[in-house]
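Colleague: So you can see what is in the structure, the chains are spelled out below.
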Amino acid sequence: MTDLAHIRNFSIVAHIDHGKSTLADRLIQATNTVSERDMKEQLLDAMDIERERGITIKANTVRIDYVADDGETYVLNLIDTPGHVDFAYEVSRSMRAVEGSLLVVDSTQGVEAQTLANVYQAIDADHEIVPVLNKIDLPASDCDRVAEQIEDVIGIEATDAIQVSAKTGIGIRETLEAIIHRLPPPQGTLDAPLKAMLVDSWYDAYLGVIVLVRIMDGTLKKGMRVKFMSNGTLHNVDRVGVFRPGMQMVDSLGPGEIGFLTASIKQVRDTRVGDTITTDKHGAETPLPGFNPSVPVVFCGLFPVDSAEFEDLRDAIEKLALNDASFSYEMETSAALGFGFRCGFLGLLHLEVIRDRIEREYDIDLITTAPSVIYHVYMRDGEMRELHNPADMPDLTHVDHIEEPRIKATILVPDEFLGDVLKLCQDRRGIQEDLTYAGQRAMVVYDLPLNEVVFDFYDRLKSVTKGYASFDYHLTGYRADNLVKMQVLVNDEPVDALSTMVHRDRAEMRGRAMCEKLKDLIPRHMFKIPIQAAIGGKVIARETLSALRKDVTAKCYGGDATRKRKLLDKQKAGKKKMRQFGKVDIPQEAFISALKMDS
Amino acid sequence: MTDDWRNGGFGLYVHWPFCEAKCPYCDFNSHVTRNIDQSAWTNAYLKELARYAEEVPGRVLNTIFFGGGTPSLMAPDTVGAVIDAARGHWPCANDLEITLEANPGSVEAGRFAGYRDAGVNRISMGIQALNDTDLRRLGRLHSVADAQAAFDIARHCFDRVSFDLIYARQDQTPADWQAELSQALSMAVDHLSLYQLTIEDGTAFGDRFRRGGLRGLPDDDNAADMYRITQDLCEAHGMPAYEVSNHAAPGAESRHNLIYWRYGDYVGIGPGAHGRLTLNGRRLATETPLVPGRWMEAVAGGAGELSRERLDPQDAASEYLMMGMRLAEGIDMERYRALFGRDLPSDSRAYLVDLGMVEEDGPILRATRDGRAVLNAILRELLTD
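One line per chain: the protein sequences are L and U, in this order. Going left to right, the first sequence walks through residues 1 to 599 as the numbering used here numbers them. Going left to right, the second sequence walks through residues 1001 to 1385 as the numbering used here numbers them.
Heads up, a few of these hints could be off.
No farther apart than 30 angstroms at their CA atoms in a straight line, the calculated lysine-lysine pairs in the BS3-like style are these [as the list claims (entries may be wrong)]:
#	chain 1	residue 1	chain 2	residue 2
1	L	555	L	528
2	L	555	U	1022
3	L	528	L	538
4	U	1022	L	575
5	L	528	L	596
6	L	408	L	462
7	L	566	U	1022
8	L	528	L	462
9	L	555	L	538
No lab work stands behind these hints, which were simulated from the structure alone. Predicted model, so just to flag it, every value in this text is computed and none were measured.
Work out the full structure: start from the sequences and follow the hints.
Modeller: Right, here's the structure in full:
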C-alpha cells in the first residue's frame, strides 16, 4: 500500500498516430518497469485484447514505480481508455478513476478532432491537464504554433507544454517529473469502509472475470468477502494485484490505488462498469455517484448468410456475450432471412465491432438488418408493447399511439462549421435547446430522436465538420410522434429485413432515398426489378433497376480458359454472399448501406 | 471413354511473344525486344513439337495458329520450319487450316508472300479501327491507309483473310460505330472479329482508368447498343455471330478457334501458351513460362512447361460450358454430363428458358442472341457448386 502523496493516476489523451503508444512505452522503459529483455514495442498495445479498427474498447492500465528527482519513489498508474461516443459512459468511468491527463499532440500536425473529444472528457472529469508536444525531433515540428493552437482551440494553458520526442527519448524525464509536480495526488480515506469503483472487467479463461478497480476509500484485501452494490452479489476475493503491465499479485490495495481483483466470477455480465464494490460486513452505506449501467439502445438482426451456419452463429454470440455485458441477444426468425438473432448494442460502432468479430474470428458471413431503437407502442386497450423490430409492428387498427426514445445531444464545434451542424440537427428532427460560445467554439444542445442518431449521425457530423466536432449524448425519455412503419418491396416481394420506422412527414424522402440506394446496391439482373417503399398498402416511392444488357467477356480463347474459369468460380462465391429474395440477389451490405443518408 | 479431341478437334497453337510496341489495351503476353535470334527460336519450337508429338502421337491435326505478340515479325523461314515439323509429326487433315496473326503495316505486308509459300493459308489482321485518331489512341503504329494497303496485299496472297476491330472506344457513339462497321463490311471479307474494348488490369489503359483517366468511354447502355448494332449489321450482311465476338459467312469460321470453343484438344507451345490435352480419359491443362528467356531455358532443360493441372470432372465440364456457350451452336448437354457425371441443373435451365436467355433443342442448349450478351450472368446461374 502506498500513501496518497506518493501516488499519481493519469491517462493519456491523443489523436491516433500522435504517439500515445510510443510515449507510454518510453515511460514504462524509463522507469525500468519492464526489463530490457522483455521490452517490446508498444507494450500497452500488446496487452490490448480488444483493439479493433484502431479503437480501444477495454481500458488498459499499467503501474509504474518512479524514483523522482526529489529522491522519493512514486507509484504512477496509467489508464488507457476507449475513445468513442458509443462507450462514452465507460470512458467517463475511466476518467473518474484518475486525476490528471497528459494531452499528447504531434508538434508537426497540431490538434485533431479525436483529441478534442477526449480532452473535453478529461476536462469534464476535473482533470489537471499537462500538454505534451511530441515528435520534436522531426524537421516539420513547430512547437510554438501548436502550443498556440492548443490554447486557442482547447482553451488550456500551453506555454509550459513539455517538448518530447518519444522516439528518441528527449523529454521523457521531464514528463515524469511533470506528472509528479503538476498532477494532484488522489484523495481518499484509509480507515473508511471500502469503496472501489469498477472501471472495467473482462474474462480470462484461467482466472475467471478480472475486475479492474480504483480504490476510493478503505482497503481491498485478498480473502475479503465483497459486495457489488448495484446487484448485491457477494464474492470472495481470490486475488488482488496490479498490472506492470503483466499481472503481479499484492496483498492489498489502498486509497488512490488502481489494480484488479478476481473472485471466481463466471460472467462479465455480473460486473457492471461504474459499480461500487464494498465489504459484505460494515460496508459503505452509499455507492459512488454516477453508476448508470449501459443498456443497449440500438437493435438489429444478425443472420447467417448460409443458413446452415445458424448453430455456429449461436455459439459465437454466446461466447462474445460472456465478455460484454452491454450486448444483448435473443433468437429471431425472419420470413426472408430464416433463423438469426435480434441483438442490442450501445451504438453503431459497438454493433460494427461485434459484427466484425463474428465474421472474422468465427468466420461466419452475416446479414445485418436495419438498426432500430426500442419504440413504445400503446395499444387501444391501454397495453404498452416494446417494439425492438419494425417487422413485429402490430396491426395499426389496434394501435393508439407510438412513442420513441429521445436524447439530449451536446455538440462542440468550431464556429465555422456551426451552420452545417445546425442544419444536420434540424434535418434529423432536432429541437435546439441551447447555443453558447466558448472562444472560437460553439456548444449546441439538441433534443433529438434517438433513431435519427443511432445510424449515421456521428459519421455525418464528422464529415460536415471535417472531424472537428465532439459529440456526446444521453437518453432523456420517450415522447409520442407521428411514426409509421415503412416497408420495402423488391420485385414486388416485401423484404421484412428492410422495414424501418420513420416519421410520417419524412417517409417520402426516406423512401425515395432508400429506393435510390438499393437501386445502386443491387446488381443488375437479367430482368428489370421494381424497388418500392410503402406504408401500409400505399406505395410512396419507386425506382426501377433496369435489366442487365451486357455482361460477357469479349475475348475468350485457348489461353483464357483457366483464368476465366477461376474468375467465374470467384463470382459464384460472391453470389453466395448475397441472399435471394424471390429471384433477386441482394448483397449483404445492402441491408445497412440502404439506410445511410447523404445529408 | 470420351476422347475430347475427337469431339472438338485437335490443333496446334504457337505463341510468338514479341511486339514492336506494347499496345495500351493489350493484356496478352508480349514483349518488346530488338535482335531476336530467329534460329534459336526455331530450334526451341521444334524441340517442343517433338516432345508433344511423342506424348500425343497419331492424332489428325486440324489447325495451326501463330498468335502473339506479333507473329508477323517472325521470319517466313521460322514459320515454315514449324509448319513442316508439325506436318512431319502428325497426320494432317486435307483442309489443314494455318492461320497467322499479322499487323497491318507495310513491312509485314512485304512478308505475306513468304508466309504463303511457307504454308500459311489464313491471315488475321489486327486493324482495330478505321480512324487514324483512334488508332493513335489505341497505341497502334499503323494508319488506316497502311491497313488498307496491307489488307489488299493479304487478299491477293491468301484466300482467307479476317480482321479485328475494337469498338466502344473513347468518345465513340453508336452512330460512329455503325458507320465504321458498314465500311468494314464493304471491304469484302468473310470473317470479322469485333471486340468491345475491355479495360484489363495490368495494362496501361487499366492504370489510366484506375487513376480516373480514359474519359469518354461509352456507358454500359451505349456499349450494349453498339453490341446490338454489331449483331444487326453483320446478320444483314450474311455474317452472323457464330461466337460472342466473331462473325463469319457460313463455312468461313476460324476452325482453330472453334477447337477452343468446342473444347477440343490443343497443344500450346511458346512462352505463355496454354494447352488442353486428353490423356487416358483425363483432361490436362498445360501452361508454359511467360517470360521468353525463362521459356527458352526451360526448353533447353527438357520441357518448356510449368506444372500441369489435372482438371477434375467438374472443372472440365465448367470449361466446356463456358467456352461452348459462347458459340451460337451452343453445347451438347449429353457431353456435359459425360464430362461431369451430372446434369446441368434443370431448375436453372427452366428459369433461363423462361427469361428467354437460353433455348433447348433436344440435347442442345444454346444462348439466345439476348442471352449471349449477358453470358456471364447465365454461366453464374448454370455453374453448380
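Colleague: Against which earlier hints does the structure fall short, listed by number upward?
Modeller: 4, 8, 9
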